[in-house]
Amino acid sequence: MRLTDIMSYMALHVWAEIALVIFQIVFILVVARVLFAPKAEVKRLASLPLEDDTDFSLLEEVE
Amino acid sequence: MAFEFKAPGSASQLEQFSYDDAIVRKFFWATLIWGIVAFLVGVILAVELAFPQANVLPQVAFGRLRPLHTNAAIFAFAGNAIFTAVYYSTQRLCKARMWSDTLSKLHFWGWQLIIVSAAITLPLGITQSKEYAELEWPIDLAIAVVWLGFFGTNFLMTLVKRRERHMYVALWFYIASLVAVTILHVFNNLWIPVGVVQFLQTGEFGSAETVMKSYPLYAGVQDAFMQWWYGHNAVAFFLTTPFLGLMYYFLPKAANRPVFSYKLSIIHFWSLVFIYIWAGPHHLHYTALPQWASTLGMVFSLMLWMPSWGGMINGLLTLRGAWHKVATDPVLKFFVVGVTFYGMSTFEGPLLSVKTVNALSHYTDWTIAHVHSGTLGWNSFMTFGMLYWLAPRLFQTGKLHSEKLASLHFWTGTIGILLYVISIYTAGITQGLMWRAFDESGQLMYPEFIETVTKLMPFYWIRAVGGTLFLLSACLGGYNLVMTWMARPKKYEVPVHEAPALSKAYDDGPPAVSRLTANAGIGHAGDKFLQGHWHRRWERLPVRFTVWVVIAVGVASLLEIIPTFLIKSNIPTISTVLPYTPLEVAGRDIYVAEGCYNCHSQMIRPIYAETQRYGEYSKPGEFVYDHPFQWGSRRIGPDLAREGVKNPSASWHYQHFLNPQQFTSGSIMPSYKHLVEGDLDYAAIQPRIRALAMIGTPYGEAVKNAESMAREQAAAVAAEIRKDMAGADLPEDLENRKVIALIAYIKRLGTDIYRTPTAAPVEAAPAAEEGGAH
Chain A
1 MRLTDIMSYM
11 ALHVWAEIAL
21 VIFQIVFILV
31 VARVLFAPKA
41 EVKRLASLPL
51 EDDTDFSLLE
61 EVE
Chain B
1001 MAFEFKAPGS
1011 ASQLEQFSYD
1021 DAIVRKFFWA
1031 TLIWGIVAFL
1041 VGVILAVELA
1051 FPQANVLPQV
1061 AFGRLRPLHT
1071 NAAIFAFAGN
1081 AIFTAVYYST
1091 QRLCKARMWS
1101 DTLSKLHFWG
1111 WQLIIVSAAI
1121 TLPLGITQSK
1131 EYAELEWPID
1141 LAIAVVWLGF
1151 FGTNFLMTLV
1161 KRRERHMYVA
1171 LWFYIASLVA
1181 VTILHVFNNL
1191 WIPVGVVQFL
1201 QTGEFGSAET
1211 VMKSYPLYAG
1221 VQDAFMQWWY
1231 GHNAVAFFLT
1241 TPFLGLMYYF
1251 LPKAANRPVF
1261 SYKLSIIHFW
1271 SLVFIYIWAG
1281 PHHLHYTALP
1291 QWASTLGMVF
1301 SLMLWMPSWG
1311 GMINGLLTLR
1321 GAWHKVATDP
1331 VLKFFVVGVT
1341 FYGMSTFEGP
1351 LLSVKTVNAL
1361 SHYTDWTIAH
1371 VHSGTLGWNS
1381 FMTFGMLYWL
1391 APRLFQTGKL
1401 HSEKLASLHF
1411 WTGTIGILLY
1421 VISIYTAGIT
1431 QGLMWRAFDE
1441 SGQLMYPEFI
1451 ETVTKLMPFY
1461 WIRAVGGTLF
1471 LLSACLGGYN
1481 LVMTWMARPK
1491 KYEVPVHEAP
1501 ALSKAYDDGP
1511 PAVSRLTANA
1521 GIGHAGDKFL
1531 QGHWHRRWER
1541 LPVRFTVWVV
1551 IAVGVASLLE
1561 IIPTFLIKSN
1571 IPTISTVLPY
1581 TPLEVAGRDI
1591 YVAEGCYNCH
1601 SQMIRPIYAE
1611 TQRYGEYSKP
1621 GEFVYDHPFQ
1631 WGSRRIGPDL
1641 AREGVKNPSA
1651 SWHYQHFLNP
1661 QQFTSGSIMP
1671 SYKHLVEGDL
1681 DYAAIQPRIR
1691 ALAMIGTPYG
1701 EAVKNAESMA
1711 REQAAAVAAE
1721 IRKDMAGADL
1731 PEDLENRKVI
1741 ALIAYIKRLG
1751 TDIYRTPTAA
1761 PVEAAPAAEE
1771 GGAH
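Quick mapping for you: the protein sequence lines, in order, are chains A and B. In terms of the numbering used here, the first sequence has 37 at position 37, counting the first letter as 1, and numbering is strictly consecutive. In terms of the numbering used here, the second sequence has 1097 at position 97, counting the first letter as 1, and numbering is strictly consecutive.
One chain only, chain B, in its complex shape:
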């Protein structure tokens, strides 16, 4: 394919160019394939919850598989959908081919490699345990390079080299996504890699597990705050703004009429970008997060109603005069329901951020229903609408293989979503109400957590059916799209377009002149300002526009983050809270690797029902050595923040890990027999302690003797189990098994605030209960 670019000159000189649709086709297929994978893993997880015997292997047990599902849905399915939309629409809105075909290809293959890395590492338990940011440090670095280096550079340079003066609003949303995701990814992934520390200190590489392991620089409250600043805004700038860009481009195309109100789209953009970034703390209501930050998050979340609904109304009203087409056009069907789900989810999000509602909803399945109405209803349906619209154009077939099949996909998918969300909304509200129910005597009505689990089983099964229907509908869609592709011409035509290059010297027209007569100077200045010439300039200056988006996002982030990190009173020191012992650190890392946080929280809120059920509420100062924090975001099982106080028996935990149903009939926790059979890597403990010491954990002699200290404590835990289970069939080298470290960690949970303060210098906590391992 040859391109003939004429030197830029007068506006009348035309340049010829063609669009790179090959890269769009690549992302198109990646979207479809990874979408089906993400939905399939979701169905497996749904079955595992309803039928725990399905947790057949540790690699595919719920705790390890759930992060794979969320990452596949967000970064593989939605991510490739975003890139499909961006590569198709940006070229056309800019009247320019992507700046570099090489960067486009590097972006595509780099992103797929990252997804494959996630699919390998997460089931192996290689995770940071921060939701939607689980991937370990080497993959994080790859994401930064691919996202900003390949995609960002290519996208921004295409904007710079464009031939259309005005940047259409869809491009604004893409710019905001690019900038915000970069900032979020970098600041939520500041870690210290254990393997690098080991190499620098000893010149040796550790095991593969050690090389991949990292600890976040932040701990406890600050780590939680950063994580949910990221987590919330990942939803905002990965699942919302780029899809709004998609909506503002593809919906007018499908309806064949311009967006209802371009003015409203401008308000939608700026208010969304400015407000969204503040709302993250609403994920941490009633936790150890400072109250001011929590309230700030709630207020800004409520303000989000305004732009979100403005955007939804703008999308739906674009169909004015074309509603009759919705009945027959499957593309519009997907878009209409997708935009409607956007409105519903963005109504529900602020509702859930209201503290009193959040007290009921948090940690329950209500949140799960909320995110699925967003991802299945909004993201998936907008994506499928786009894929169906693109297929005849990208494959140059002129029409879809079957519109009837596309409509069947739509209806099956819609019924699947409704079955899923209605059952899980019911489950979530049931769960929340049961947790807080009291009887006439003032006692918890359902004191056994398991009662609130078994009650949900019918809903879990309905969810599995709904999810399966949605998966089948996606497979139908896949078949339809493949059949459309089969009808493609032998060789794709590559239309050549023409457009004048933008002249370097751009005439902005006459400067604003005050339209006022008798007035003071400030009045004239104000009138000139209100005429909006300054903003029209930004709209054609991509670099300046990007800078202003960075400022909007940065100001909001800094105003929240700086006080959280620098005000001492936010995290009062508790003198009895000490660093975890080396064995407990090893156990904690197992807790992280198994994904226990996916089912168990470690955060007792100051709510009467919670303190009655779990014990003393959690204090900010209890988490100062938690790298990373393990508060969790849902309770499929009970909270574990005071597990060491409530249930300190090592033998109970040993037997419970082997067979949870032995103690709790109806429990849906899988067996962790592999931890009893697996050997603990004692040699890997020392570099971990050194890494933690480097980021400020005050380890004393443990910096040198971590392994021997761990062995000593393990011997004490194993001895306790042998004593309690005399005559039982126990492994001879019980102290070398992974489960011993995990039990040591569980026994420690929540106990520090009950320890008697001593004047001794701060160092790793004495494991007094285990018989003095130090």
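Looking at chain A on its own, in the form it has when it is part of the complex:
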């Protein structure tokens, strides 16, 4: 029996549904991460591109 035979007998039409489930799980995880992120941290991360012109020597690592 070849691999193509095995694959042909498998009900692979459900792969679309599997894909949707995987997507939903990942999406929920991402949303969870976003909802629970501390506001102060997010504010600082969002302003990273604006730090170019600042004096880096005055910056402290903010955690």
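These are computed hints drawn from the structure, not numbers from a lab. Some hints could be false.
Listed next, the in silico DSSO-like pairs over lysine-lysine satisfying Cα-Cα at most 27 Å (straight line) [to be verified]:
| # | chain 1 | residue 1 | chain 2 | residue 2 |
| --- | --- | --- | --- | --- |
| 1 | B | LYS1646 | B | LYS1673 |
| 2 | B | LYS1491 | A | LYS43 |
| 3 | A | LYS43 | B | LYS1161 |
| 4 | A | LYS43 | B | LYS1528 |
| 5 | A | LYS39 | B | LYS1253 |
Following the hints, position chain B against chain A.
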């Protein structure tokens, strides 16, 4: 320039560093120059369609030039724009110079060399014929080395050596682009080089044409599936994600305020990366692709509305409180219209993926309008906005040469885009409706394809005007940027920055503690998980982050690709479908080299209007020997899938190639006189047949006698033409001309399913109609 790096130690120890802006300036100019070249070639193509006499030389005829335009726009213009953005923003977001100046330079010059190679080979007809992946195998190898070896290594190592703990979201988009483009490029470019096969088997190198030639390992349906998995995701990960990275960095800079919602940008990133990769099959609705794959592509395309519009809204709302600046700042003008076009294109893409809409739009100019609203509106305007923002900073002039000129560029470009897309949307929908129109008696209302071509001519002219305006606007921009550069100081200052090195031992803070009281263990675990410490760790770990992106892209790809390749019922075998004869293979290669697929499809969809116009719909099993597939993606001319059935006359095709207007008044097909004058290289046929045999085409004696078999069949085709055109002025050695091979291939198209099955062993198809060449 000297750098003084202090040994990493405590966080309070500062390291000094400067940014490599010289490499950014190089990519800056390359973007501008190649952009103007790409737009110029686009205008030439637009004129060639409206005025076919402009196809003066075979090297610059529409079929050969169109791939040059798309490659120049995508990889030369947008590619250099991406690298400009990446090299500028990555250094600043990482507070680190690029890891290796040498790799930066190798990347720059390597990429320009690839572009020049494309500009030479594509007009010469050296092509794989896979859209946006036309470049032949030696250039493919160079792309892999330059993209991953030079650029990828340099970029990832810069991330590893960065001095800012958090990787800003723009960097995530760059990582996704790097990873996905690598995967796409490798798997869509698995080929067998004909010249290498010849060398291994005979110890001889063939002609330059043979050395450059390759055949994809995949055939037919599988090749089409891989190509559009690549084609769609090239748009996703070359024209979308890196430009979103550009947007998330340069738009806040230009507006001087942080992105509207960093949280939304995280959702935007992950949902885009995860969903986009699934959507490719929507390019193959109603084709011989399995229905489940087609539906899957449509569903995921529709889901793309969500992240795409989230990203657009995030971009536009970044300007909250700064909208008054848009009226005066040309940079923001470009960005606002660019982001708006992103929203429009990403609304339209999923719309076109809906099967019923696709039935109308596919193969028409609607798709062309869609991609141009994306590339001109989104990619070009974001690029020009970035270039205008960068110029005073990179050239240290403090200001642009002329803001008024930049605004003029903006308005001229916008009018150019609108003229282009509105006329071509109209042309596309007109075309689609005319193809499917029936009269009261149930007959096609426009049975002659040419009627649907001549109707579009006014729109083609408007498109040419719009394209010219856009080209002129880019030239205005070029002048403005050059004048800004002229005002540069004699020597650029190189500011030295300071930042502490990242300590190796990083304190992630206290581990998450459940905030719940009375609850089961699983509840506590869930609460800890939801606090998101795990994701915050990824955001500072570039290697792990990259691995997760690979998994997101890989899972989606494998779930689609494996069933397509391994389920037998997807491509039912048709016993009468046989490999192409050696002469037909030579003819097919000419078809590929001339870029015929740019105007003609070879895929009749199971739609009544199509079967009425072109004949029996195409079956998956008909394409099992098509290396590469030639389904095409648009119909400037009619479909050719059953041309051998509908029009088997060799003399008709001979005369039609010489002068298409002789048979079809108003035809915009150029003359292919050079194929009548050019000699066929019979010696090059044998190695091609051997290469095809090596990748599974069941050639019997043709593996040894391909040349003599080809000559025999050519003599029969030439004899048929001489008989039909007795008294006409024909070349004495007609059988040695390229056109004979091409005619043999055209005569074969779509005929296999009408052949009577035989119990004979499978080998190259007998050319019965030509008088038994075997």
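Open item on the list: To test your reading of the hints: which numbers does this structure violate?
Closed with: The structure breaks only hint 2.
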